[in-house]
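Knowing the structure of chain D, use the given hints to seat chain W on it.
Residue numbers (our numbering), protein chains in the order written: chain D, 1 to 276; chain W, 1 to 122.
Keep in mind the hints are simulated off the structure, nothing from the lab.
Any given hint could turn out to be false.
Distance ranges between label pairs, derived from CB positions [as the list claims (entries may be wrong)]:
(1) W:E78 - D:G210: 42 to 48 Å
(2) D:R16 - W:P27: 47 to 53 Å
(3) W:K94 - D:A4: 36 to 42 Å
Treat the numbers as computed from the prediction; the structure is a model and nothing was measured.
In this text, a Cβ means the ideal position worked out from N, Cα and C, and glycines have one as well.
The lines below spell out each chain.
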Amino acid sequence: MSQAITAAQIPAIAERLPPFPRVVPELLDSLQSDTLSVDNLVRIARNDSVIAAAILSGANGLRRLRAQPDTADLFAAASLIGTNKLKQIIVKLGLNKLLSEGSGQAFFYEHSLAVAIVAQELAQLVPGVSADEAYIAGILHDIGQLAYFVVDAEAHRQIRQQAIGDGKLLALEAAAFGLDHCALGALLGSHWQLPPVILQAIQRHHDTGGEWTNKLQAVVNLAETLTRAFDIPMSPHNRVLSLNAAALDYLGLNWAMPEMADLIGRCRARFAYAGN
Amino acid sequence: MEQPSKEGVTQAALSNQRWLTVEQLVPGMVLARPVVVAARGVLAMKLGEGCELTASLISQMYARGIECVAIAIPPPEEDAAWLARCAAHAERLKLIFADGQSGIHPDCQPLYDLLLAQGPQR
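Okay, chain D solo, but in the shape it has when bound (with noise of 0.2 Å):
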């Protein structure tokens, strides 16, 4: 067994990662008061440089299309993309940093980034599901494995490999750290305070059974798996055993629904786009 790991060690765990970006959040606090506007987002986006420049670029792609000459007002950008790619844009590049340098290994931002697609895309199928939640839910569905990357980062690559053989990486992660990487995603998560909705769909991600308490839990499970399936991003971890089926009838989707053939079409085609 690796150094186990337990809630106590949390904060110590969390210090050694990136600073969780202050504006996810920002933009969590928006989604539930209700008072999401361009206005708010721009503030939001207006601390971080990197964000700024992504909306100035998007905003100047379209300006081009219409031959129209580059702007450097950000919320007139932001106008022009409008808040769904706004929020989007500070969530990504928000969290780029703490998944991509907290694990040191593109996969794992590559299939966070997935996830949160496939999420958001579902979403939009079901309703009474925030399609903005369940992108955020996915694309941290699976902080719990920074932890590891911090703790042992060799155990537990042995661990993910040997998982592709047997499938068995919650169990393997349990022994060899005392916590798989759910229960450690769902700790870390309310270090940083993130809403227990969010907890939630990051505790039961890869859950096989046991009633639903709400949909994002459902839609965020089922992602896990449809991105496999989808095979974004290509890697030999991509194996699809079981389905949690609960999750599909809780949703009230099944694979006939035209729907669904477009689901595999979008997901693919926006995965492709946000890898490049």
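Just chain W now, kept in the frame of chain D:
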């Protein structure tokens, strides 16, 4: 390498569309599927299949939060290269879904069938 079923290849060939994100759209592309946007129960945008995109339409789609659309493309040439791609796609799916001992789990079978029928990404 095992060849994909004839049915799989035929269904894949029927797909004369490619999903693209709004950032990838350029004027002149033609929609393969309708685009409908409703905001708070009010129809905000409706474009039919066959609609040719303009710069203005692309900007509107972007601003209305549309992520991606299906664009019409010519059918694939059913040559050796395409058939090889279909076969590789089927092989990859088998690797992802099949358990060495018991095959594909019944709960996963409909998803596997759908992915096989869609064929490789175009």
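How the hints compare with the structure:
no., hint, in the structure
1, W:E78 - D:G210: 42 to 48 Å, "holds, 46 Å"
2, D:R16 - W:P27: 47 to 53 Å, "holds, 50 Å"
3, W:K94 - D:A4: 36 to 42 Å, "holds, 39 Å"
Figure legend: structure checked against the earlier numbered hints; every hint is met.
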